[in-house]
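Engineer: Letter by letter, the chains look like this.
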Amino acid sequence: MSALEHFSAPPRSLLARLLYGVRPWEALPWLAAIVAFFLFPGYVPIFGQILIMTLFALSLDIVVGYCGIVTLGHAAYYGTGAYTAGLLAVHGWSEPISNAAFAMAMAALVGFVTGAVILRAHGFITVMLTLAVTVTLYEVANHTGRWTGGDDGLRGIDMAPVLGRFEFDIYGDTAFFYALAALFLSFVVVRLLVNSPFGWSLKGIRENIGRMHAIGCPVYRRLLQAYTIAAALAGLAGALQAQTTQYVALRALSFDLSGDVLVMLIIGGIGRLYGAFIGVPVYILAQDRLASEDPANWYFWMGILLIVIVLFARGGMLALAARLWDRRRSDA
Amino acid sequence: MNAAAPSLEAHALAKSFGALAVIQNVELSLAAGERRALIGPNGAGKTTLINLLAGRLRPDAGTIRMGGIDITPFAEAERARSGLGRTFQINSLFRNLTVFENVYLAVAEQVGAARHMLRPALAEEEPVARTAALLRELGIAAHARSVVQQLPYGHQRLVEIAIALALKPKVLLLDEPAAGVPTGESGVILELIAALPKDIAVLLIDHDMDVVFRFAERITVLAQGMILAEGPPDEIARDARVREVYLGKRKHG
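Each protein sequence line maps, in turn, to chains A and B.
Read in order, the letters of the first sequence are residues 1 to 332 in the numbering used here.
Read in order, the letters of the second sequence are residues 1 to 253 in the numbering used here.
Just so you know, these hints were derived from the structure itself, not from any lab.
Here the structure is a predicted model, which is why all the values come from computation and not from measurement.
It cannot be assumed that every hint is accurate.
Said to hold, decoys possible - Chain B regions said to be covered by chain A (calculated; three or more residues, Cβ under 8 Å): (1) 85–93; (2) 236–243.
Said to hold, decoys possible - Interface residues of chain A toward chain B, partial, derived using beta-carbon atoms under 8 Å: (3) Tyr20; (4) Gly21; (5) Pro24; (6) Leu193; (7) Trp200; (8) Ile215.
To be verified - Stretch by stretch, here's where chain A covers chain B in the computed footprint (C-beta under 8 Å, at least three residues): (9) 43–52; (10) 202–213.
Cβ atoms here follow ideal geometry from the backbone N, Cα and C, with glycine treated the same way.
Chain B on its own, in the form it takes in the complex (with noise of 0.2 Å):
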């Protein structure tokens, strides 16, 4: 791995559904550690680029690589190995497992553990130990035993948040993290995003632009599925051509 290399680098990606160009000729680049932000009009095609980059998609052109490696042939779980981390805009959990199985199925998965056949799940002790480590940390370690549907909304999304860490990735995808969440507890989701290790890329969609503007080094503006302007929030803020497609009509409502 080249370390100079960009974390996540898309070149050229493009997909279609049927006749409908979802993607079209996008080209990202995230630098190691970089705080980015996607933003666009709904159907402006973030989850369908999300899931080009997390390998649930598979694109009609262009290429994908990671930390300079291509990562394009790689199925979605290789990826994941790889290192590249994702949550979903609708939460995708192990909803009548508890909170512990949730993060622990996926720490067995990262340490290598999940495929022993004869030890207890709980016997294992790196995966018991990290598990309890990522609920502390995420104060969500109360609710270890509680099973994961007959949890508040705003729960449910750190769990989902939880999992994703559990991989530890070098990349995380955060798709609209604090999507459905009353604003009371979406604080605490968006200080547990500002906060991440500093050495993990992230990019996130947002629909809340104070969220935005104060999480984002850089903001990429996606429109029709093409990339329609990208730089630091001041200059995006400015853009005349990004007011009209997005912030503006937010505005009119």
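One chain only, chain A, in its complex shape (with noise of 0.2 Å):
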């Protein structure tokens, strides 16, 4: 049976298992983001941000992309994430790496309390409470400005260099290769996820959940395990935009950001992995053309922009190229 014969020759070192099923065009992300480094150096502190953003929008993907879950409250732990790194280095916790991986901690520790409750509920209520956990959380750190800032952020955030050597710097060099290394890890961790059977198992929650209890999968328990582990992610994200621009907004826990990053996903296309990484150059490097060339009216042509890609590359730009690569193929 040739169709079978797919499914054979397992690897079995470590790493054969990270290189499993990679194909040559995956490595077009990280050459871009070098390429991109030196040739425009004047963008450096915004692709910086921009790979802080693509790991957040990527942790986003595991939520509502691999689970099905839609989340309008994902900033909750980005921005848990964002000042627990910046506190802790307001306090004299200045090392990056441990900062940060305390941060991923907090992140994940609120995701999985308030993931417990969340995914008890199914549809609109869900969408209610993500909300609800973003709008509470956002409301503690605005209350709470003698330690949080408030409304004017969290300021005083003085970075330690990475690894002893790397001071970040204005050009935002350091910045940039913090991120992309850190997105990088991630984004292997995340790829082996959901290849796994693990990740399979979440694909098939989103496709029948009802089917899924029938073969007995214990549901509730592993959309827990993959909303916390999303949730560290996110709070990693939330880090390092804290470490690296030594600043913390209130914004970082805001609905807004919440829908922003879905917004980005979305453009660059859910459940594939790479939609992220599409996504969120895309929207912030319009952002950014559009508000240099039309200031006041820049967030209109962002929508026109969101409008043209749902009506004519319906499942975002990824969904819309493996479309035209099918034609072309089946042309040919």
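From these two lone chains plus the hints, build me the complex, please.
Structural biologist: Spelled out as structure tokens, the structure:
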């Protein structure tokens, strides 16, 4: 049976597992990042932001794309990571990697506790609960201004050099490579995760939750695990943001940001692992260009862009690309 | 688990939807490896009974035992893990996934591999091998890489059964396995059911009386949520009440 031969020769070593099913084009985003760094030095700070938001959107893709849970509150975990990292640094814990690790753990904890409640619900109730979590955390940060800086944001973050050597500088070079490394490592983990039996079972839950119950899957536990992992990665993104900009805005916990990152992911394509890598740069670079061309109305043009994508590239730009690719192959 | 106890046993089972009593005081006992058919006119409560047994619905009263163990408090997933497999009258598949993935998901749950996070799914030797074996057994190996919703309906029904068999069930509940399949293709499904391993107790719902009478060792007749009759096929065929509520009605169209 030739169709089954595809499913043979399993990889055994760790390296073989990591490289399992990797196609040549998957090197492209990383090459593009490096090339962009050298070609457009003036844009490096924005590229750093893009990398961090890509990590945030990637974590959202686990929840929305793989688990099939619509959330308007993913900023809760990003903000938790950002404030944890920021507050630790303000109080003297300035070593970046352990600082980020702690922020991640905190976001994971918040993700676990809130997820335990959110994932009990279904449909619109879930969306409302995710929203409630974000709004609650936002107000907590807003009303504890003595510690968080409230509306003014958290200032006074001063990070030690990465690995004791690389200072965060005004050009953003260190921030760029620091964020690139964090994104790469996170991506390797997420890629492994979504291709694992665990990741497949998430797709099963997304496709047909009823049948997953009927085949004995502990659906709630599986979703909570995935949700906690996604929260941890969102927290890491938040921590990177706090560390590299030395500032945490209250917006890090907002509904606004939750919506923006969801829009970025939709533009790129949901549940395709690479949607974040397309959607985030397109959104942020378009925002940057439009804001300088037409500072008063740029949000209007972003709206038009989103409408065009939703109408003509249903499923995001990656889905459009996949359709065009299929058509070209069937024509040939 | 008690070897002498019936594979599946329902006692005083009852379920109402609002004022409508759908299942009333149902007693059912399946011996190990038994071939049982459940028949009854439309709206008799057959699918509701299957849903109660499988744990999709909670009974208002009564108990369900498997191998002597009370599984009434078990959720659907727990019952599946204890060896209760079922198929759905209307396909309940992972429509956007491939045939291989559909069956793999069930196998991975059954062998306990589904919680593994850091190994590629296709590098899990046991689930891959068992999925491949099941696909071959059911004659759908050639479609392993096809997305399920693009398959002909008859093949989808086979995937439906493959998922249930992947759980290595001790009890299998088949809700109209050949429903909606063109007659030419339904033969394959019926042969498959006839050839199921002898250690699985099977409860089959079907509307095709030829199928039911050929397949079943015993037949249970459900009417208006109650058990009207139960016995070997020839006895059921002679039963006047059964002919009246079910067989007779069918002949009149």
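Engineer: All hints, please: hold or fail.
Structural biologist: Hint check:
Here the segment 85–93 of chain B counts 4 residues with a CB under 8 Å from a CB of chain A, which clears the bar of 3, and the coverage holds. Residues of the segment 236–243 of chain B with a Cβ under 8 Å from some Cβ of chain A number 0, which does not satisfy the need for three, so the listed coverage is violated. The interface hint given for Tyr20 of chain A is met, as the beta carbon of that residue sits about 4 Å from the closest beta carbon of chain B, less than 8 Å. Checking Gly21 of chain A against chain B by beta carbon gives a least distance of about 7 Å; that is within 8 Å, so the hint holds.
Residue-level restraint check for Pro24 of chain A is violated (minimum Cβ-Cβ distance to chain B is 18 Å; threshold 8 Å). At a threshold of 8 Å, the smallest CB-CB gap from Leu193 of chain A to chain B is about 6 Å, leaving the interface hint in force. Satisfaction of the interface hint for Trp200 of chain A is found here, the shortest Cβ-Cβ separation to chain B being roughly 5 Å, below the 8 Å cut-off. Taken as an interface hint, Ile215 of chain A checks out: its beta carbon lies about 4 Å from the nearest beta carbon of chain B, inside 8 Å.
Judged by the Cβ-Cβ criterion of 8 Å, the segment 43–52 of chain B is not covered by chain A as claimed, because only 0 of its residues qualify and three are needed. Note: the segment 202–213 of chain B has 0 residues with beta-carbon separation from chain A under 8 Å; the three-residue rule is not met and the coverage is violated.
Comparing the model with each numbered hint stated earlier shows that hints 2, 5, 9 and 10 do not hold.
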